[in-house]
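K.L.:
Chain residues, written in single-letter form:
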Amino acid sequence: MLEVTELVVRFDATVVLDGHSLSVADGEIVALLGASGSGKSTLLRAIAGLVPVTAGSVAIDGASVTDVPTHRRAVGMVFQDDQLFPHLSVGDNVGFGLKMAGVAADERRRRVADLLDTVGLAGFADRDVANLSGGEAKRVALARSLAPEPRVLLLDEPLTGLDRELHDRLVVEVAAILRGVGTTAVWVTHDADEAAAVADRVVRLDDLHPD
Amino acid sequence: MAGPGETALAPGTALPRWFVVAVTVAPLGFLAVFYAWPFANLLGRALDAEAIGDTFGRRSTWRVLWFTTWQAVASTVLTMVAGLGPAWAVSRFSFPGRRALLGVLTAVFVLPTVVVGAAIVAVLPESLDRSVWAILGAHVVFNLAVVVRTVGAVWERLPVDLEHAAATLGASPTRAFRLITLPLLRPSIAAAAAIVFLFTFTSYGVIRVLGTTGRATIEVEVWRRATQLGDIGGAATLALIQLLVLGALVLVSSRVQRSAARVIELDARPRRPSPLGRQRWWVALAAGGAATVVVMPLVALVERSLRGEDGYSLEAWRTLGDTEIRPGLSLGIDPLGALWRSITTAMWATAIAVALGALAIVAISVLGRSGKVLDAGLMLPLGTSAVTIGFGMLITFDRPPVDWRAEWWLVPVGHALVALPFVVRAGLGVVRSLDPDLRAAAATLGAPPIRAWATTVLPALRRPLAVGAGLAAAVSLGEFGATSFLSRSGAETLPIAIERLLGRTGRLFQAQAFALAAILAAATIAIVLVVDLAGESLAGDGLAGEDPARGDERARGH
Numbered sequence: 000m001l002e003v004t005e006l007v008v009r010f011d012a013t014v015v016l017d018g019h020s021l022s023v024a025d026g027e028i029v030a031l032l033g034a035s036g037s038g039k040s041t042l043l044r045a046i047a048g049l050v051p052v053t054a055g056s057v058a059i060d061g062a063s064v065t066d067v068p069t070h071r072r073a074v075g076m077v078f079q080d081d082q083l084f085p086h087l088s089v090g091d092n093v094g095f096g097l098k099m100a101g102v103a104a105d106e107r108r109r110r111v112a113d114l115l116d117t118v119g120l121a122g123f124a125d126r127d128v129a130n131l132s133g134g135e136a137k138r139v140a141l142a143r144s145l146a147p148e149p150r151v152l153l154l155d156e157p158l159t160g161l162d163r164e165l166h167d168r169l170v171v172e173v174a175a176i177l178r179g180v181g182t183t184a185v186w187v188t189h190d191a192d193e194a195a196a197v198a199d200r201v202v203r204l205d206d207l208h209p210d
Numbered sequence: 000m001a002g003p004g005e006t007a008l009a010p011g012t013a014l015p016r017w018f019v020v021a022v023t024v025a026p027l028g029f030l031a032v033f034y035a036w037p038f039a040n041l042l043g044r045a046l047d048a049e050a051i052g053d054t055f056g057r058r059s060t061w062r063v064l065w066f067t068t069w070q071a072v073a074s075t076v077l078t079m080v081a082g083l084g085p086a087w088a089v090s091r092f093s094f095p096g097r098r099a100l101l102g103v104l105t106a107v108f109v110l111p112t113v114v115v116g117a118a119i120v121a122v123l124p125e126s127l128d129r130s131v132w133a134i135l136g137a138h139v140v141f142n143l144a145v146v147v148r149t150v151g152a153v154w155e156r157l158p159v160d161l162e163h164a165a166a167t168l169g170a171s172p173t174r175a176f177r178l179i180t181l182p183l184l185r186p187s188i189a190a191a192a193a194i195v196f197l198f199t200f201t202s203y204g205v206i207r208v209l210g211t212t213g214r215a216t217i218e219v220e221v222w223r224r225a226t227q228l229g230d231i232g233g234a235a236t237l238a239l240i241q242l243l244v245l246g247a248l249v250l251v252s253s254r255v256q257r258s259a260a261r262v263i264e265l266d267a268r269p270r271r272p273s274p275l276g277r278q279r280w281w282v283a284l285a286a287g288g289a290a291t292v293v294v295m296p297l298v299a300l301v302e303r304s305l306r307g308e309d310g311y312s313l314e315a316w317r318t319l320g321d322t323e324i325r326p327g328l329s330l331g332i333d334p335l336g337a338l339w340r341s342i343t344t345a346m347w348a349t350a351i352a353v354a355l356g357a358l359a360i361v362a363i364s365v366l367g368r369s370g371k372v373l374d375a376g377l378m379l380p381l382g383t384s385a386v387t388i389g390f391g392m393l394i395t396f397d398r399p400p401v402d403w404r405a406e407w408w409l410v411p412v413g414h415a416l417v418a419l420p421f422v423v424r425a426g427l428g429v430v431r432s433l434d435p436d437l438r439a440a441a442a443t444l445g446a447p448p449i450r451a452w453a454t455t456v457l458p459a460l461r462r463p464l465a466v467g468a469g470l471a472a473a474v475s476l477g478e479f480g481a482t483s484f485l486s487r488s489g490a491e492t493l494p495i496a497i498e499r500l501l502g503r504t505g506r507l508f509q510a511q512a513f514a515l516a517a518i519l520a521a522a523t524i525a526i527v528l529v530v531d532l533a534g535e536s537l538a539g540d541g542l543a544g545e546d547p548a549r550g551d552e553r554a555r556g557h
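Line order of the protein sequences matches chains A and B. In terms of numbering that gives the first Met the number 0, the first sequence opens at residue 0 and continues consecutively. In terms of numbering that gives the first Met the number 0, the second sequence opens at residue 0 and continues consecutively.
Hints in this document: simulated from the structure, not taken from any laboratory. All C-beta atoms in this analysis are idealised placements derived from N, C-alpha and C, irrespective of residue type, glycine included. Some hints here could point you the wrong way.
[Stated by the list, open to error] The following residues of chain B were derived to be distant from chain A, with all beta-carbon distances above 12 Å: (1) A48; (2) F55; (3) G102; (4) A165; (5) P172; (6) L197; (7) V244; (8) A350; (9) A459.
[To be verified] Pulled a few chain B residues facing chain A out of the computed Cβ check, cut under 7 Å: (10) V159; (11) L161; (12) H163; (13) A166; (14) T167; (15) G169; (16) L181; (17) L275; (18) G276.
Let the sequences and hints guide you as you build the complete structure.
P.N.:
Right, here's the structure in full:
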């Protein structure tokens with residue numbers, strides 16, 4: 000359960016978020032729709048703790064995390080351009096969160112193999128991330144963010160920039176994977192069709208603040 | 000590309016052979032007489048069984064090798080540690096004074112070695128100014144720009160979201176740095192470390208000013224054996240050892256860097272936000288620390304030049320033209336005379352370097368494939384330490400008919416040799432980027448080959464030659480390595496006079512040395528500033544646009 004209450008984010012003089020509120024139930028996938036530059040991405044980053052919040056609060060499972068640093072929030076994130084670690088193998092990318100959580104190497108290897116299986120990349124663990132196709136990289140990014148079992152998964156325009164055919168195929172696949180895992184997710188997009196296809200509920204950023 | 004473009008032009012538009020020969024012969028001859036011959040001569044002296052046996056048999060040789068190596072390692076490590084913080088600050092954030100900080104770092108980097116040595120003497124308390132810490136400190140101050148620029152150029156384009164991704168996966172900021180950022184920066188850190196090591200391993204002017212007996216690098220020992228002990232063979236052997244060590248280092252480091260090369264998708268356009276929250280403190284600490292470290296010595300230089308017997312006075316500045324320390328007693332160092340000699344030397348060196356450089360640029364661009372050989376040959380002086388160049392000239396031009404040691408022009412010629420690569424580098428890129436179609440167009444309009452060539456190439460050369468002239472002047476003004484072999488006593492240039500004055504006891508001498516160093520620093524910075532403004536149109540705005548290692552370093556005159 001994610002609860003964002005009257006969130007204000009300000010960079011110097013510009014107000015990016017102005018009292019926005021959003022509530023996501025456990026296991027619910029919410030698509031957040033808005034024009035580019037409207038602050039959707041900032042809302043995600045505020046939930047993740049990557050941008051400082053001026054006012055308001057973010058609570059997960061009933062406890063406020065507003066002052067908790069990102070690495071202790073248990074919030075996962077899929078970035079638009081994947082941000083795979085270029086010096087690590089596919090397996091080490093996916094296992095990174097498990098390593099941070101102190102999972103032992105053997106156990107980690109097993110869970111990484113399972114996750115790669117889930118996203119349809121069985122046997123990719125030793126591959127170099129530089130040699131992945133766009134679709135494969137996207138799946139690795141998804142597996143990596145799911146690995147530490149985040150309480151909330153944030154997806155920042157995860158499928159933007161892919162060609163049409165790949166995009167349409169991944170929309171179906173990624174949505175199925177998220178449902179299979181049963182994760183609570185906020186999926187940011189500017190594509191209304193994509194939003195309708197993946198989400199249990201579609202909200203517009205403009206509708207999230209009081210006036 | 001003018002070279003290959005040559006073959007693309009119709010036969011009738013090719014430049015006549017006599018013209019090509021005419022422009023080639025001067026730079027080639029200069030290189031042969033003043034670089035290749037002395038160098039071959041030095042090799043001959045070094046590859047002498049007795050000299051080699053003697054050198055390796057001496058305990059002091061091993062002490063020198065040991066000191067050279069460990070001080071270079073220590074200086075490199077300290078510079079890297081001191082430089083990573085400011086590299087992070089200037090590459091990741093925009094803050095007031097960011098550009099000024101980068102400017103100051105670069106300015107210090109191009110200062111003559113002797114000036115930096117003097118500034119360190121000025122800033123440190125007397126108990127420390129001849130300690131090994133003074134040497135290490137000078138090397139850090141000097142080379143901070145290498146780390147900040149080289150590492151910063153990669154860091155500013157490393158996506159911040161990589162660290163954000165690590166954070167969302169549970170990595171604390173320290174772990175994210177250690178596991179993600181640091182490995183990705185490693186190639187650039189290695190490159191910066193290799194450059195700093197190369198500079199500090201061959202450190203000369205700094206050690207001449209700050210070192211004491213027992214603290215000599217190979218370069219200093221070459222000078223000591225050659226000029227103080229008269230052991231030419233031993234000095235030549237040491238120079239050869241250094242050359243071999245450096246060659247091996249360059250080979251190893253380029254191989255390591257090639258194998259470590261990895262494709263990272265860098266942000267094309269770095270975004271530099273203002274620091275937020277606690278970041279402000281860290282940025283202020285890193286940037287402020289770096290600024291303090293490089294500015295303090297320069298401020299101290301001016302302050303110490305104004306410090307009199309009791310309180311501040313202009314005594315040192317007023318007595319710059321005075322060679323007598325007491326009525327009737329002269330020291331043989333004329334500070335103001337050294338200043339004038341440096342200015343005239345710089346003018347001659349610049350004139351020679353620009354004239355030969357212009358011919359060389361033309362020759363390289365019209366020669367086609369064999370132009371590459373000339374190009375490489377002209378770069379050789381850049382890869383040879385100035386000490387080696389000066390030493391070679393000293394032992395070559397010492398007997399008739401080439402006994403030129405007393406000639407006034409030998410020092411300017413040495414400077415011109417050191418400066419020539421800068422002039423050629425400044426101009427060659429511009430000429431190469433000229434469209435050969437331009438010349439074809441001029442030819443179709445009825446211009447004869449030379450005319451067609453001249454109307455297209457010469458106007459394009461004016462600006463890079465001006466830049467080259469500025470660099471050559473800066474190189475000459477600060478040149479210490481070659482000069483320390485070639486200058487005659489009573490005919491000191493500024494850096495030589497500064498070093499000698501600092502070696503004297505007596506407050507006034509020190510103050511005069513600081514005053515001269517301040518003048519030299521101001522002149523060098525002013526020239527480089529003008530050159531930078533003139534060259535701005537050629538370079539970009541980011542850290543990547545300007546490469547501190549592109550060659551300004553030789554302005555220090557190792």
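K.L.:
Could you work out which of the previously given hints the structure breaks and list their numbers from low to high?
P.N.:
As far as the earlier hints go, 4, 5, 10 and 16 are violated by this structure, in ascending order.
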